[in-house]
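Q: Top line first, the protein sequences correspond to chains C and B. If you're matching positions, the first sequence starts at 1 in the working numbering and goes up one per residue. If you're matching positions, the second sequence starts at 1001 in the working numbering and goes up one per residue.
No wet-lab data here; the hints were simulated from the structure. Any given hint could turn out to be false.
Claimed, not checked - Cross-link-like lysine-lysine pairs, in silico, DSS-like; alpha carbons within 25 Å at most: (1) Lys174(C) / Lys1002(B); (2) Lys174(C) / Lys66(C); (3) Lys66(C) / Lys1132(B); (4) Lys47(C) / Lys66(C); (5) Lys1124(B) / Lys54(C); (6) Lys1002(B) / Lys47(C); (7) Lys66(C) / Lys54(C); (8) Lys1002(B) / Lys66(C); (9) Lys174(C) / Lys103(C); (10) Lys103(C) / Lys1124(B); (11) Lys103(C) / Lys54(C); (12) Lys1002(B) / Lys1132(B).
What follows is each chain in one-letter form.
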Amino acid sequence: MPTNQLAGRDGNAAGAVQHVAILFADVVGSTSLFATVGDLAVSQVIKSFFERAKELLEIHHGQSVKYVGDGFMAVFPDVAEALEFATQLQRSLSDNPIVIGDKPLQVRIGLHAGDIRLVQTSYGEDAFGADINVAARLTGIAQPGGVVLSEAVRFALRDEQRRKLGPTERIVLKGVDGPMEVSRVDLSAA
Amino acid sequence: MKSTGDGYLLSFRNDSSAESAAVEAVECAFDVLRLLEARNRHLPEERAINLRFAVHFGEVDVVHNDREGPHVSFAFRLDAITRASLSMALNPMPPEELPLRNYMLCSEEVAGILSRRSNRWTTKCIGLLKLKGFPGWREVFQVLPNPPQ
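In isolation and in its complexed conformation, chain B is listed as follows (with noise of 0.2 Å):
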């Protein structure tokens, strides 16, 4: 886990399946988002701590204990993903379907993970985007609970 200044990152693992790494992470995120929602709804607005995730899964170099590669970047790419960025989407959901803050959003390869692992989260594909430093054209999705609450 490493301090990204104004976040965090972090990394799972699992070793005997390697993909369940990232139910793992959507479950972790998803209990952060919950326990945050409670802490917050008993403070002020000015107290409160809104987040957002992303998360993304593939291979990366373990480099002094820190992650690396282009994996890496791929995520901090989809965290800098916001309403603002729909317009630069090819079929972007309404944008105000997607939340301000307090939501989780996937690449593909973590959606295809999702729906083939766990049927306890959905996947809402938000459009096609560019993420800088990436060639073509990325399918970005929103992870929901299933049911949607």
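Bound-form chain C, shown alone (with noise of 0.2 Å):
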């Protein structure tokens, strides 16, 4: 974990360590999708996508810590309410598309639960801990479209929410010393 950004450095001011549940959201393809488009278009088609997250964030108790050109990072007091977050806007972009070029916008969607710091910085406020590149590397192995969440965030939900996902992989995440245990949302699930 990296301890250059721990409380009281340079008067910044620091938070406690909070346990809370990280999302990323990614948006599939932006490279090859968006060198069809004009940024122009791009930038209309991220802002709808913004605004229709920050929507739900609100919903679900949710905060957005940082935007990250082609999605972002959000964390959540509460797991279940995390998974309920991204359920719906996986819903939202399948039944109201966001169309870009002559396809609807798709985006990837990683959930894990750790602990973080909130810390004020001269480019505002940030979220550090190792968690969240966790978070960020398990969002790269969803599906477009799909939702899928680490072991601890699996632990932490009730039986009722459990029953909504598919069977856990064993899976090896970059930066994370061995394997760890994800499931994926089935978002035919009701």
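Can you join these two chains into the complex? Each is in its own frame, and there are hints to help.
A: Given below as structure tokens:
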């Protein structure tokens, strides 16, 4: 875990360690997709996507931490709400597509639970912690339009939510020692 | 060697030990930096030349004496990283710790090579970044002399 972001550095206000759900949403195939459309069209699409995400974040008590060009990172105090957000966002994009070129925008969502620290930096508030990297890498293995979650999230869910998940898969994530068990959300389940 | 307009693309190759080319590239870059700093010290600000370096390692295609391929593109993306990029990175170093000029960044591949093949340099992770045109998050490192000066 990086030790250069701990409390009190250069007078930056660092918050206490919080245990949260960490979510990343990444637009699928942004490079090739956006190469075929003009910059203005791209920014409009991304803007629509972020607006839709913001609405849902409010409903599910999530906080966006940063926007990273073709996606965003959000944290939630409650794992169940985070999962609900992820599911609703994917459903929304499928029922009510945001079209780019002639294709619907698709995102991959990864959800993990772990410790972060919110820190005030020279560029604004940011979150720090090794679990953020895990969540980010996890997102890369989600299916387009899908949600993948770590075992830490699965453990924190209630039974009725666990039923919405597919079987666990054993994978090795870059930057993480040892295999991890992940599950995918079955979005066809009601 | 090819001019990019406001800089140069250099490629280094070592046929007996492929990875050593990365070490040689870093050594060359630091030699240039040292010479540059010595030169700049004796000149007024407006005549100073300031650089930043990006070092990556990978297979490239040689086409008409030029170098092409995804690893070349990756090196250019690395080169574009500045202090301002850190706000979009994950677990970034404090931005004020990355110099505004006369610094060197490298990819994860090069950081691995340096740790295996040289003790003259250390690498410091500046964060996880997304590089345009490349999927996923990449660890990017600052290269520093060992011990740091």
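Q: If a hint holds in the structure, say so; if it doesn't, say that too.
A: Here is what the structure says about each hint:
1. Straight-line distance between C-alpha atoms of Lys174(C) and Lys1002(B) comes to about 34 Å, which puts the hinted pair past the 25 Å bound.
2. Restraint check for Lys174(C) and Lys66(C): satisfied, since their Cα atoms lie roughly 22 Å apart, inside the 25 Å limit.
3. At roughly 17 Å between alpha-carbon atoms, Lys66(C) and Lys1132(B) fall within 25 Å of each other, so this suggested pair holds.
4. Straight-line distance between C-alpha atoms of Lys47(C) and Lys66(C) comes to about 14 Å, which keeps the hinted pair within the 25 Å bound.
5. The straight-line distance between the Cα atoms of Lys1124(B) and Lys54(C) is roughly 35 Å, outside the 25 Å bound, and the hint therefore fails.
6. Taking the CA atoms of Lys1002(B) and Lys47(C), the gap is near 39 Å; set against the 25 Å cutoff, the hint is violated.
7. Between Lys66(C) and Lys54(C), the direct Cα distance comes to roughly 12 Å. Compliance with the 25 Å bound is thereby established for this hinted pair.
8. For the suggested pair Lys1002(B) and Lys66(C), the alpha carbons sit about 37 Å apart, so the restraint of at most 25 Å is broken.
9. Under the criterion of a C-alpha separation no larger than 25 Å, the hint pairing Lys174(C) with Lys103(C) is inconsistent with the structure, at around 30 Å.
10. Between Lys103(C) and Lys1124(B), the direct Cα distance comes to roughly 41 Å. Violation of the 25 Å bound is thereby established for this hinted pair.
11. Annotation: proposed proximity of Lys103(C) to Lys54(C) holds, straight-line Cα distance about 22 Å (limit 25 Å).
12. At roughly 22 Å between alpha-carbon atoms, Lys1002(B) and Lys1132(B) fall within 25 Å of each other, so this suggested pair holds.
Violated hints, in rising order: 1, 5, 6, 8, 9, 10; the structure is consistent with all others.
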